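A.B. asks: Now for the letters of each chain:
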Amino acid sequence: MTDTLNNVDNSGKNKSLLSKKDINKSYLRWYLACEVSSSFERMQSLAFCYSMIPILKKLYKKKEELSKALSRHLNFFNTQGTWGTIVHGITIAMEEQKAKGEDIPDTAITGIKTGLMGPFAGIGDTLDWGTLKPIVFALAVSFGMTGSVAGAFIPFVFMVITMAVGYWLWNRGYSLGRDSVKSILEAGWIQELITGASILGLFMMGALSANFVKLDIPVVLNMAEGNELVIQEILDSIAPGILPLVVVFAIHWYLKNKGQDFGKIVLFLLAISLLGSFVGLF
Amino acid sequence: MSFGIALFTGLWYWLGQSKIGYTFHAVICQPIVMAFPIGLIMGDVPTAMKIGASIEMIYLGMVAAGANIPADECLAGVIAIPIALKAGMDPETAVVLAVPFGILGVFVDQLRRTINAVFAHKADEYALEGDVKGIERCAILYPMLLGFLLRFPPVFLANLYGPELVQSIMAAIPEWILHGLSVAGGLLPALGFAITIFVIGKKNLMPFFIIGFFLVQYFEINIMAAAIFGTCIALLIVLMRNEERGENI
Chain A
44 MTDTLNNVDN SGKNKSLLSK KDINKSYLRW YLACEVSSSF ERMQSLAFCY
94 SMIPILKKLY KKKEELSKAL SRHLNFFNTQ GTWGTIVHGI TIAMEEQKAK
144 GEDIPDTAIT GIKTGLMGPF AGIGDTLDWG TLKPIVFALA VSFGMTGSVA
194 GAFIPFVFMV ITMAVGYWLW NRGYSLGRDS VKSILEAGWI QELITGASIL
244 GLFMMGALSA NFVKLDIPVV LNMAEGNELV IQEILDSIAP GILPLVVVFA
294 IHWYLKNKGQ DFGKIVLFLL AISLLGSFVG LF
Chain B
293 MSFGIALFTG LWYWLGQSKI GYTFHAVICQ PIVMAFPIGL IMGDVPTAMK
343 IGASIEMIYL GMVAAGANIP ADECLAGVIA IPIALKAGMD PETAVVLAVP
393 FGILGVFVDQ LRRTINAVFA HKADEYALEG DVKGIERCAI LYPMLLGFLL
443 RFPPVFLANL YGPELVQSIM AAIPEWILHG LSVAGGLLPA LGFAITIFVI
493 GKKNLMPFFI IGFFLVQYFE INIMAAAIFG TCIALLIVLM RNEERGENI
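Chains as they are written, first to last, in the working numbering: chain A, 44 to 325; chain B, 293 to 541.
Be careful, since some hints might not be right.
Cut-off 25 Å, straight-line C-alpha distance, at most; resulting in silico cross-link-like pairs (SDA-like, lysine to any residue) [stated by the list, open to error]:
1. Lys104/A x Thr153/A
2. Lys425/B x Ala164/A
3. Lys101/A x Leu449/B
4. Lys64/A x Val424/B
5. Lys299/A x Glu276/A
6. Lys141/A x Asn214/A
7. Lys301/A x Lys495/B
8. Lys494/B x Glu229/A
9. Lys104/A x Leu420/B
10. Lys495/B x Ala293/A
11. Lys494/B x Ala164/A
Hints in this document: simulated from the structure, not taken from any laboratory.
These numbers come from a predicted model, not from an experiment.
Using the sequences and the hints given, assemble the complete structure.
C.D. replies: Below, the structure written as structure tokens:
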């Protein structure tokens, strides 16, 4: 199956049905609309279909063919908006082959989409949201703290980098077709990038936790003979910042073992803070 | 003046949380970014930046894993920054004001994503008819209109009538609640960082988190220094692993 497809890839390459402009237009549509129509039920399915419209309109001139193609891209879809774009590129390549008359079943296209959206979402979440965003934004905060306007402009670095990466992967997915998955997922550099970014990301999470998570216990116990027992001093003598560290680990433990209900955690933190304040613990 | 700022923040919140432009919206939703135009309109950019940065701190690590937002930093910013500026609050008090709005915004987003499903079903019908324009409306126009109804009015009204109201409410709230909210402001960043650790999900690399944490605790290095050390450590590890692999082969 893969072999025949590869052969088709090579023989059909000289007569592309799509122009560079079509590919770019569809990427811009994705970047613009990716999260706009997000719903609990279908996630990014509408945005995926919306981005494919310039492509499908050009490939399928018959109404029933176009209608079928539109329906097939309204299926459930969810990925990370930057690194997931390789899935779109591959989909475009497959649709082009199909329109040329190759026998590519709908299930093959849907299968590729649903099979790849998860792995690339994982990569994108780690690199973009886990590493790049907090570092860029933390730098912006350290400028903003001094009242500097630079704090408002630094975050756009994040936008420019992610836009460029998404554009590159979109085109790579299209030009290499299914082979691009192999070339990306199995290439050494991507594994190294993920490892490096994970190390940097975790290191920065530690540094940022130490800087920004704050919890003190200012309780003073009056012992016999006028001695005072300052709880915070004892904690600090074990290791500075031990309470914030415990809080981060406790939340992480909860996320891992009890599910990712952020709302519940936020309300719990709020309740603890208010209760602690009320009884005079914090 | 308060009409102008109410109009501006209402539109900004609508544009930001309609999520137009994948990482564009993620940037303009940040309190530290919106602080600049808000400061410009209200005539005090440096103070606005300081307030924006303080509020930003709470939300630094927040990642929308699976598109579920843990907090709405945009709502926190568009309401707390102008009101704090107008009332002359210090950044710490502004954070106290921001916390509840950051939590409220999550529910607005859940409402949005529930209703958005209607447009997905509508799009299915358009697809059967081959109606491309209909699908385009469902993907952009309708969610944007819904977003306007959900996002614009509360922020517009809050900034139009809010400052006096908020000040009298804050004056009436008992001290322990205000202090509790500021404690929460110190705890909430932990959620963001924990989510990010969870997203990265590499258990065997956790020592790097500990190194980063105590490097700051003991030596009080700043963010830029941490970024430099962190990058060098990450590069060294990757390079050394490569070398090892090369020798083994």
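A.B. asks: Is it true that the CA of Lys495/B sits at most 25 Å from the CA of Ala293/A?
C.D. replies: holds (15 Å)
A.B. asks: For the pair supplied as a hint, Lys141/A and Asn214/A, confirm whether the alpha-carbon distance does not exceed 25 Å.
C.D. replies: Cα-Cα ~19 Å, so holds.
A.B. asks: What's the verdict on Lys301/A and Lys495/B, does the C-alpha distance respect the 25 Å limit or exceed it?
C.D. replies: holds (17 Å)
A.B. asks: Does Glu276/A sit within 25 Å of Lys299/A, going by the straight-line distance between their CA atoms?
C.D. replies: violated (32 Å)
A.B. asks: Does Lys494/B pair with Glu229/A here, judged by a C-alpha cut-off of 25 Å?
C.D. replies: Holds: Lys494/B and Glu229/A sit about 19 Å apart, inside 25 Å.
A.B. asks: Would you mind confirming whether the straight-line C-alpha gap from Lys64/A to Val424/B stays at or under 25 Å?
C.D. replies: holds (19 Å)
A.B. asks: Quickly compare the C-alpha distance for Lys104/A and Thr153/A to 25 Å and report which way the hint goes.
C.D. replies: holds (21 Å)
A.B. asks: Is the hinted pair Lys425/B and Ala164/A satisfied, with a Cα-Cα distance of at most 25 Å?
C.D. replies: Violated. Lys425/B to Ala164/A sits at ~29 Å, over the 25 Å cutoff.
A.B. asks: Holds or violated: are the alpha carbons of Lys494/B and Ala164/A at most 25 Å from each other?
C.D. replies: The given pair, whose Cα atoms are some 16 Å apart, holds under the 25 Å limit.
A.B. asks: Lys104/A and Leu420/B were given as a pair; does the straight-line alpha-carbon distance stay at or below 25 Å?
C.D. replies: Answer holds: Lys104/A to Leu420/B is near 15 Å, not above 25 Å.
A.B. asks: Between Lys101/A and Leu449/B, is the straight-line Cα distance small enough, at 25 Å or below?
C.D. replies: violated (46 Å)
Going down the numbered hints, you'll see the structure goes against 2, 3, 5, while the others check out.
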